[in-house]
Amino acid sequence: MQILACPVCKGELQLNVDKEEGEEIITGSLYCPKCQYSYPIVDTIPNLLPPSEQS
Amino acid sequence: MLQFSKLRPMTTNREVFDQIAESWYRVRHWPRLREELEVLAQKWQGGKLLNVGCAHGPDFLPFKQGFELWGVDSSPAMLKQALRYSAKFQFQVKLVVADALSLPFPNDSFDWAISVAAYHHIKGKDERERVFMELKRVLKPGGEAFLTVWNYRQPRFWLKSKDQEVPWRLRGKTVYRYYHLFSYGELKKLLTKAGLEIITMSAEKSYHFPIKNFSHNICALVKKRR
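Protein chains in written order, with numbering that gives the first Met the number 0: chain A, 0 to 54; chain B, 0 to 225.
Chain B on its own, in the form it takes in the complex:
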């Protein structure tokens, strides 16, 4: 990890995602956890929904009817792609360039929040504690959030560090995105510390192995107490 940083100039994830935004639009054209999100859209039945780290916006699709949609992402280039995506699939969304650690909304603003594969890009232990407090702050009392992060114990990362630079091939060059891989226990601890109530923690629905510990994603549904 240290050696990597010596070899490469420091690039923030925002700069990396700005560079890969256009290819992301093509390659990640559909929501990856569609089933999970459709269940939530059924359960939540409308209201104000925030998508943290929305990128080009595929995860809005299951919520396009009946919800007031808001998306934040730290990459302006990704949000430009989100404008394109929402025009293609004909839904209304309000987009804001923002940092998940400093959300530009008053307290108690949203009924619901989703965040698919975003929080594992937050660098720093303190930051990972604060970022879930910030999520809780903008949720209304009784509001729920569904978030997913990559699991440390998925076979791809066995015997590797929890902090990874994961490559993405882009027109002949490779760019690296920073990931902090979570364990189920660590995510549970952080969410609890932020004062969120954990409703469920599970593997993605497409994962069928009986022991959840090796899943690709960790999916958490949490609630802000009334």
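In isolation and in its complexed conformation, chain A is listed as follows:
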């Protein structure tokens, strides 16, 4: 996950894990402290669409 960055400011993201299986994160979020926005991880796939496109 270290390679992922905020799609807006390209800054580092903080990982929060809600549910994991083995080494795989099933649900959780990636938080950008600079933009103060939390991007969801759903079914192992992070959704890093910019906030304006998150539906």
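There's no promise every hint is true.
Facing chain A, according to a computed beta carbon distance under 10 Å, are these residues of chain B, among others [stated by the list, open to error]: (1) Thr11; (2) Glu14; (3) Leu78; (4) Lys93; (5) Asp98; (6) Asn106; (7) Ser108.
By construction, these hints were calculated from the structure, which means they are not laboratory data. Cβ atoms here follow ideal geometry from the backbone N, Cα and C, with glycine treated the same way.
Take the given structure of chain A and dock chain B to it, following the hints.
Chain B in isolation, oriented as in the chain A frame:
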């Protein structure tokens, strides 16, 4: 074009691809430009590879050995199909829902990038300029990208507008995907403007007519200068 939009409620390509993801998995089960991609896999020989607009993931197949694979697509439903596809063909890929205009990676992240038939879905002239700058940003210096878009001058679109809504039949209803059709000159100009060095621009290998201008696809191999 305007009339089309009046008749139909505005649907983004992301919403359309979410709807057609499952049928895409079945109908587009193999890489369409396999030969081109196999040549690149031979040439590149491993490293970190980003697939922009990877959909359900068939274009990863030629790279499944030796590469660290990353795929982005704006459609979550397509990426769900990509999980299924990678499980079926037994390869590891990291998938992220993302917009090609705002890639969620730091500068200089990838050795290589591929993008098969994705960039022609980018709407807006400014956006088409920015999207290649964004691709360049995430490539490492010396890194290469192979991308393909649909050609404006293929006979199917003669005398039509460069901006098209292309139908896809889905269980009795028709959905429309937005395409911006490129000419060779236009793509070259945009890639150059983004600061990418053009290595080759050509038709797909399966196209045998001597004049490349009428090919279905435009295939470009570009490089980020060191």
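Comparing the hints with the structure gives:
no.	hint	result
1	Thr11	holds (9 Å)
2	Glu14	holds (8 Å)
3	Leu78	holds (5 Å)
4	Lys93	holds (8 Å)
5	Asp98	holds (6 Å)
6	Asn106	holds (7 Å)
7	Ser108	holds (6 Å)
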